[in-house]
Every structure is written in structure tokens, then in C-alpha cells.
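Between the sequences and the hints, there should be enough to build the whole structure, so can you do that?
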Amino acid sequence: DIQLTQSPSSMSASLGDRVSLTCQSSQGIGNYLSWYQHKPGKPPKPMIYYATNLADGVPSRFSGSRSGSDYSLTISSLESEDTAIYYCLQYDEYPLTFGSGTKLEIK
Amino acid sequence: EVQLVESGGGLVQPGSPLKLSCAASGFTFSSNWLNWIRQAPGKGLEWVASINPDGSSTYYPDTVKGRFVVSKDNAKNTGYLQMNNLRSEDTAMYYCARADYFDYWGQGVMVTVSS
Numbered sequence: 023d024i025q026l027t028q029s030p031s032s033m034s035a036s037l038g039d040r041v042s043l044t045c046q047s048s049q050g051i052g053n054y055l056s057w058y059q060h061k062p063g064k065p066p067k068p069m070i071y072y073a074t075n076l077a078d079g080v081p082s083r084f085s086g087s088r089s090g091s092d093y094s095l096t097i098s099s100l101e102s103e104d105t106a107i108y109y110c111l112q113y114d115e116y117p118l119t120f121g122s123g124t125k126l127e128i129k
Numbered sequence: 020e021v022q023l024v025e026s027g028g029g030l031v032q033p034g035s036p037l038k039l040s041c042a043a044s045g046f047t048f049s050s051n052w053l054n055w056i057r058q059a060p061g062k063g064l065e066w067v068a069s070i071n072p073d074g075s076s077t078y079y080p081d082t083v084k085g086r087f088v089v090s091k092d093n094a095k096n097t098g099y100l101q102m103n104n105l106r107s108e109d110t111a112m113y114y115c116a117r118a119d120y121f122d123y124w125g126q127g128v129m130v131t132v133s134s
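Chains as they are written, first to last, in this note's numbering: chain A, 23 to 129; chain H, 20 to 134.
These are calculated hints, taken from the structure and not from any lab test.
Every clue listed holds true.
Below are the SDA-like pairs computed for lysine to any residue, each with C-alpha atoms no more than 20 angstroms apart in a straight line:
(1) A:K125 x A:S94
(2) A:K64 x H:T110
(3) H:K62 x A:T105
(4) A:K67 x A:E127
(5) A:K125 x H:A59
(6) A:K125 x H:G63
(7) A:K67 x H:A42
(8) H:K95 x H:T77
(9) A:K64 x A:T105
(10) A:K125 x A:Q46
(11) A:K67 x H:D119
(12) H:K38 x H:P80
(13) A:K64 x H:Q22
(14) A:K61 x H:K62
(15) A:K125 x H:Q58
(16) A:K64 x H:M112
(17) A:K64 x H:D122
(18) A:K64 x H:A59
(19) A:K67 x H:W52
(20) A:K125 x H:E65
(21) A:K67 x H:K62
(22) A:K64 x H:T131
(23) H:K38 x H:G85
(24) A:K125 x A:T27
(25) A:K67 x H:G45
(26) H:K84 x H:S35
(27) A:K61 x H:M112
(28) A:K64 x H:S40
(29) H:K95 x H:S75
(30) H:K84 x H:T110
Short, incomplete list of chain H residues facing chain A, as computed with Cβ under 10 angstroms:
(31) L23
(32) Q58
(33) G63
(34) L64
(35) E65
(36) S69
(37) Y79
(38) P80
(39) D81
(40) T82
Predicted model, so just to flag it, every value in this text is computed and none were measured.
Idealized CB from N, CA, C, for every residue including glycine.
Written as C-alpha cells, this is what we have:
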């Protein structure tokens with residue numbers, strides 16, 4: 023099975039900071055990686071698909087990138103509403119697997 | 020507007036069956052993959068099942084293989100997750116989601132397995 027390792031597991035940053043979350047794949051998955059924002063009491067919200075594509079309605083301060091087997095979700099200027107847990111998902115092969123999540127908080 | 024609405028959750032005893040439904044609207048259901056994902060209390064997201072657009076192929080992780088069955092009725096625009104021999108570790112919020120990268124999600128339905 024493909025393992026996705028997210029780092030850090032948690033972090034806090036200040037409003038306006040540039041924040042990068044990382045997801046490392048144990049095997050090659052091409053660009054078949056997506057990112058989700060999950061807030062309590064709500065379903066996960068798609069943020070990025072195919073590693074770099076912004077999902078509908080997602081603010082342009084979010085972006086996705088890839089370097090080899092390392093994938094990143096970057097927020098260019100952190101806002102208070104960005105507090106959430108962020109998960110990556112690989113959908114290159116079954117079983118589909120999620121990373122363990124990064125909890126992002128505001129200082 | 021794309022909508023997915025889950026139903027059928029509840030409290031059941033270990034070993035019992037339960038069937039979840041996912042009613043879809045606002046898109047061509049017959050042309051889309053349907054997936055089920057769950058989140059146990061205090062845990063992360065776990066993929067549970069996937070079915071291809073015409074229902075001819077299904078996929079499961081080892082944790083539910085042989086116990087869960089995913090299906091879809093394209094005439095009714097509804098997907099299903101039949102869960103058999105439920106265990107306490109199946110207690111979770113269950114979501115259905117569309118397409119290969121889960122572009123739309125339902126609000127979720129809670130399943131509690133406890134005696």
C-alpha cells in the first residue's frame with residue numbers, strides 16, 4: 023500500500039504568514055494527489071486536485087506543487103478561516119490512502 | 020447544484036448489518052464514480068469503498084473487504100453501502116463522495132456500533 027506522510031502533524035502560524043504543508047508519498051503516484059480542508063462538524067472540502075489544480079471556489083491564496091514524491095499545499099497569506107486539519111489523498115492506485123493530517127492553528 | 024445526501028446511519032449492535040444510502044442530484048450520476056469515506060471519532064480520514072460509473076467494478080481496503088458491499092442504482096441516482104458483521108471499530112461518520120478525487124461530499128451520517 024502507498025503511504026502518505028504529512029508534515030508537520032501540527033503547527034501554528036500568524037495571520038498573514040506564508041504556510042507550507044507537506045505530503046510525501048512512499049511510491050510514485052504522478053500527480054494523482056489531492057488536498058482537503060476539514061473543519062469540525064463539516065465534510066472535508068476539496069482544495070487541490072491533480073497536485074496543482076485549484077478546486078472550484080477555493081481562494082487563490084492556496085496553491086499546490088510537486089517536487090518528485092513530495093507534494094505541498096501552500097497558503098500565501100494565512101487568514102483566520104484557514105484554521106483546520108488538512109489531509110492529502112493519493113488516488114493513483116487502490117487502496118486509496120490518506121495522509122494522517124496536519125492541524126493548522128492561528129497563533 | 021451538485022448534492023449528495025447520506026442516510027441510514029444509527030446505533031447497531033456488534034455483528035449486525037446496516038445499509039447506508041447516498042442520494043445524488045445535480046449531475047449525471049451514471050457517469051461518475053462513487054466513493055465512501057469514514058472518520059472514526061478522534062481519528063483521520065479512511066477510504067472505505069469505491070464503485071465505477073456503471074457499477075461493474077468495486078474496490079475496498081482490507082479493513083472492510085468481505086464485510087462491506089458498495090453498489091449504485093443509476094436509475095434512482097442513489098448509491099449504497101451495505102455493511103455486514105459490524106464491529107466497534109466501524110463506529111464513524113460515513114461520507115459519500117463523487118469522482119476519483121472526491122470533488123463533492125455529502126454531509127455525512129453517523130454509525131455507532133455498540134452493545
